[in-house]
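J.: Sequence:
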Amino acid sequence: MAFTLWTLFEATLLCLNAVCVLHEERFLVKMGWSAQQNIQGFGEPPTIRSQLLNLVRSIRTVARFPLIFLNILTIVVKLVLG
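Residues 1 to 82, numbered by the UniProt record's numbering, are exactly what the sequence shown covers, in order.
Read the hints as simulated data drawn from the structure, not as lab findings. Careful, some of the hints might be misleading.
[Stated by the list, open to error] For each label pair, taking beta carbons as the anchor points, the in silico distance ranges come out as:
#	residue 1	residue 2	range
1	E44	I75	39 to 47 Å
2	K30	L81	34 to 42 Å
3	L5	V62	16 to 24 Å
4	R64	A11	34 to 42 Å
5	V77	C20	15 to 23 Å
6	P46	L5	18 to 26 Å
7	K78	A18	35 to 43 Å
8	V80	T47	40 to 48 Å
9	P45	V77	25 to 33 Å
10	L55	K30	47 to 55 Å
[Unchecked claim] Derived pair list, reagent style SDA-like, types lysine to any residue, alpha-carbon separation capped at 25 Å:
#	residue 1	residue 2
11	K30	L55
12	K78	K30
13	K78	I68
14	K78	F3
15	K30	N54
16	K30	F9
17	K30	A18
18	K78	C15
19	K30	V19
20	K30	W6
21	K30	G43
22	K78	T12
23	K30	I59
24	K30	S50
25	K78	C20
26	K78	W6
27	K30	I48
28	K78	R64
29	K78	F9
Positions of the beta carbon are idealized from the N, C-alpha and C atoms, including for glycine.
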């Protein structure tokens, strides 16, 4: 199997799908990544954990509808081209 732009696109799409599927109350709390544990005071620098949790929330919010379209496009291309 060759490394092409299509395989890079599929790998990126799968990673974005994995981030969007994560559920905070079921999975992330068990891992210690809940929003209640990341409460910071005023003027304190954000921790890496809180920044990653914000990144997960941002990806989930912004990428929801484009991911639906990209998943449909990928499924159609795979069905047509094999």
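J.: Please go over all the hints and tell whether each is borne out by the structure.
T.: Here's how the hints hold up against the structure:
{"no.": "1", "hint": "E44 - I75: 39 to 47 Å", "result": "45 Å, holds"}
{"no.": "2", "hint": "K30 - L81: 34 to 42 Å", "result": "40 Å, holds"}
{"no.": "3", "hint": "L5 - V62: 16 to 24 Å", "result": "23 Å, holds"}
{"no.": "4", "hint": "R64 - A11: 34 to 42 Å", "result": "20 Å, violated"}
{"no.": "5", "hint": "V77 - C20: 15 to 23 Å", "result": "20 Å, holds"}
{"no.": "6", "hint": "P46 - L5: 18 to 26 Å", "result": "35 Å, violated"}
{"no.": "7", "hint": "K78 - A18: 35 to 43 Å", "result": "18 Å, violated"}
{"no.": "8", "hint": "V80 - T47: 40 to 48 Å", "result": "46 Å, holds"}
{"no.": "9", "hint": "P45 - V77: 25 to 33 Å", "result": "44 Å, violated"}
{"no.": "10", "hint": "L55 - K30: 47 to 55 Å", "result": "19 Å, violated"}
{"no.": "11", "hint": "K30 - L55", "result": "18 Å, holds"}
{"no.": "12", "hint": "K78 - K30", "result": "36 Å, violated"}
{"no.": "13", "hint": "K78 - I68", "result": "15 Å, holds"}
{"no.": "14", "hint": "K78 - F3", "result": "17 Å, holds"}
{"no.": "15", "hint": "K30 - N54", "result": "17 Å, holds"}
{"no.": "16", "hint": "K30 - F9", "result": "31 Å, violated"}
{"no.": "17", "hint": "K30 - A18", "result": "17 Å, holds"}
{"no.": "18", "hint": "K78 - C15", "result": "18 Å, holds"}
{"no.": "19", "hint": "K30 - V19", "result": "16 Å, holds"}
{"no.": "20", "hint": "K30 - W6", "result": "35 Å, violated"}
{"no.": "21", "hint": "K30 - G43", "result": "28 Å, violated"}
{"no.": "22", "hint": "K78 - T12", "result": "16 Å, holds"}
{"no.": "23", "hint": "K30 - I59", "result": "21 Å, holds"}
{"no.": "24", "hint": "K30 - S50", "result": "15 Å, holds"}
{"no.": "25", "hint": "K78 - C20", "result": "22 Å, holds"}
{"no.": "26", "hint": "K78 - W6", "result": "11 Å, holds"}
{"no.": "27", "hint": "K30 - I48", "result": "18 Å, holds"}
{"no.": "28", "hint": "K78 - R64", "result": "21 Å, holds"}
{"no.": "29", "hint": "K78 - F9", "result": "13 Å, holds"}
Checked against the numbered hints listed earlier, the structure breaks hints 4, 6, 7, 9, 10, 12, 16, 20 and 21; every other hint is satisfied.
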